[in-house]
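Protein sequences appear in the order of chains A and B.
Counted from 1, the first sequence has number 34 at position 34 by this note's numbering; the numbering is strictly sequential.
Counted from 1, the second sequence has number 291 at position 2 by this note's numbering; the numbering is strictly sequential.
Bear in mind the hints are in silico, worked out from the structure with no lab data behind them.
Some hints here could point you the wrong way.
[To be verified] In silico DSSO-like links for lysine-lysine, alpha-carbon gap of 30 Å or less: (1) K8(A) x K443(B); (2) K243(A) x K443(B); (3) K321(B) x K349(B); (4) K320(B) x K243(A); (5) K259(A) x K325(B).
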Amino acid sequence: MERYSLNKQLAQMLKGGVIMDVTTPEQARIAEQAGACAVMALERIPADIRAAGGVSRMSDPKMIRGIQEAVTIPVMAKVRIGHFAEAQILEAIEIDYIDESEVLSPADDVYHINKRKFNVPFVCGAKDLGEALRRINEGASMIRTKGEPGTGDIVQAVRHMRKMNGEIKRLVSMEEDELYHTAKELQVPYELVQYVHENEKLPVVNFAAGGVATPADAALMMQLGAEGVFVGSGIFKSGDPAKRAAAIVKAVTNYSDAKLLAELSEDLGEAMVGINENEIQLLMAERGN
Amino acid sequence: MTIAVLALQGAFLEHEQMLERLEVDYFEIRKKSDLKRSFDGLILPGGESTAMGKLLQELKMMDDLKEQIEQDMPVLGTCAGMILLAKEFSNDANTYFATMPICVRRNAYGRQLGSFETRGTFADSTDIPMIFIRAPYMEAVYEGTRALSVVNEKIVAAQYKNQVVTSFHPELTGDITVHQHFLNLI
Numbered sequence: 001m002e003r004y005s006l007n008k009q010l011a012q013m014l015k016g017g018v019i020m021d022v023t024t025p026e027q028a029r030i031a032e033q034a035g036a037c038a039v040m041a042l043e044r045i046p047a048d049i050r051a052a053g054g055v056s057r058m059s060d061p062k063m064i065r066g067i068q069e070a071v072t073i074p075v076m077a078k079v080r081i082g083h084f085a086e087a088q089i090l091e092a093i094e095i096d097y098i099d100e101s102e103v104l105s106p107a108d109d110v111y112h113i114n115k116r117k118f119n120v121p122f123v124c125g126a127k128d129l130g131e132a133l134r135r136i137n138e139g140a141s142m143i144r145t146k147g148e149p150g151t152g153d154i155v156q157a158v159r160h161m162r163k164m165n166g167e168i169k170r171l172v173s174m175e176e177d178e179l180y181h182t183a184k185e186l187q188v189p190y191e192l193v194q195y196v197h198e199n200e201k202l203p204v205v206n207f208a209a210g211g212v213a214t215p216a217d218a219a220l221m222m223q224l225g226a227e228g229v230f231v232g233s234g235i236f237k238s239g240d241p242a243k244r245a246a247a248i249v250k251a252v253t254n255y256s257d258a259k260l261l262a263e264l265s266e267d268l269g270e271a272m273v274g275i276n277e278n279e280i281q282l283l284m285a286e287r288g289n
Numbered sequence: 290m291t292i293a294v295l296a297l298q299g300a301f302l303e304h305e306q307m308l309e310r311l312e313v314d315y316f317e318i319r320k321k322s323d324l325k326r327s328f329d330g331l332i333l334p335g336g337e338s339t340a341m342g343k344l345l346q347e348l349k350m351m352d353d354l355k356e357q358i359e360q361d362m363p364v365l366g367t368c369a370g371m372i373l374l375a376k377e378f379s380n381d382a383n384t385y386f387a388t389m390p391i392c393v394r395r396n397a398y399g400r401q402l403g404s405f406e407t408r409g410t411f412a413d414s415t416d417i418p419m420i421f422i423r424a425p426y427m428e429a430v431y432e433g434t435r436a437l438s439v440v441n442e443k444i445v446a447a448q449y450k451n452q453v454v455t456s457f458h459p460e461l462t463g464d465i466t467v468h469q470h471f472l473n474l475i
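Please put together the full structure from these sequences, using the hints given.
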């Protein structure tokens, strides 16, 4: 219990920050210099995973260690949904946060990892409140929207954040008597539903992820209530990664200052090309439930 | 009395909730124009010091705030806030405000698996809760600096004139001791 609370508290320290996908120690240093509050170490960013196809797995621990040595900020890495052995490996190399991620090919089509068995913290993706609370019940100490990774299209992240917010508002407005039924509908314990009802928020930190490509995208998600932002392919698939990364960091801090956002959005070079929702073959957000 | 809370990144909301509990007015500093308002004390929260340091530079607030701290503005730095104030690091060359004569070890307890909770003495208060998250500690404190807490033989809280720092996060517990100590400087 003490470990779980420390893990939730690490997520609190990441709030108001940007977590960036990096594939090399060099990129990790660029991200840290730009003001990232953490990096996600992975062999291929989502856009390239999407392009390459095939099965996508946990990264080489040696590659992750190289990134751990390159920066002082927390280092996260991804495991496949349900792949608890990959998670054990990442815990063994003392990763700061594990992302049980739909970006990789799922290893289990029924069960997610029992995250309560681990000492390291987990972040998981969610499309709605039920999914978020189910992951928290399994031991996740941080939640992010799923969005649609590797697309540069923000529409799904917006949809997931709005859905979650709407469901939270609905829960808050309910009579206490109605919460039992909602717990049943969402397939989560009553206590979690009661927490949301009383506190008007999730019991853990909630970030936006999946499709963030510009400072404006980051500001949009923050104004919709995200407590911070993950940027995957958006940075290192763009023309000037260092500049774009720094601009997104500033946009997250001053997300409601339109004048500053206008300055930040100038001369960023080419944004990642992106794929529209209706052009995608593989919907990663559908992985896991 | 009004406190300014540096709200660039990290757990600033938790400090604000603590100030609300203590019925102290506050506002957030997110950009240079926020510094035009007058305040009686400054809180530097926990979070990632490199991210905050970068934003302080880029948003052009570093020099102004440093000057105010040097002119005896009471300041409380927790975890990353302590790193922002330190003059020296045993495992890093970068410094930020560099206004407090202490030598700090960053990520001194290792990665997240090294994070822990304990209880200890702070100044004259015994047995307060202390939460350490990827925390730094002080390897040395120099002239005029007083150690306020020692845990496992490491200095984890100190005061130099108007500057109070802690390795741990008083804003994450319900305990008001550290905030009260800071507010008493004003």
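Original post:
Among the hints numbered above, which are violated by the structure, and what are their numbers in rising order?
Top reply: Hint 2 contradicted; others consistent.
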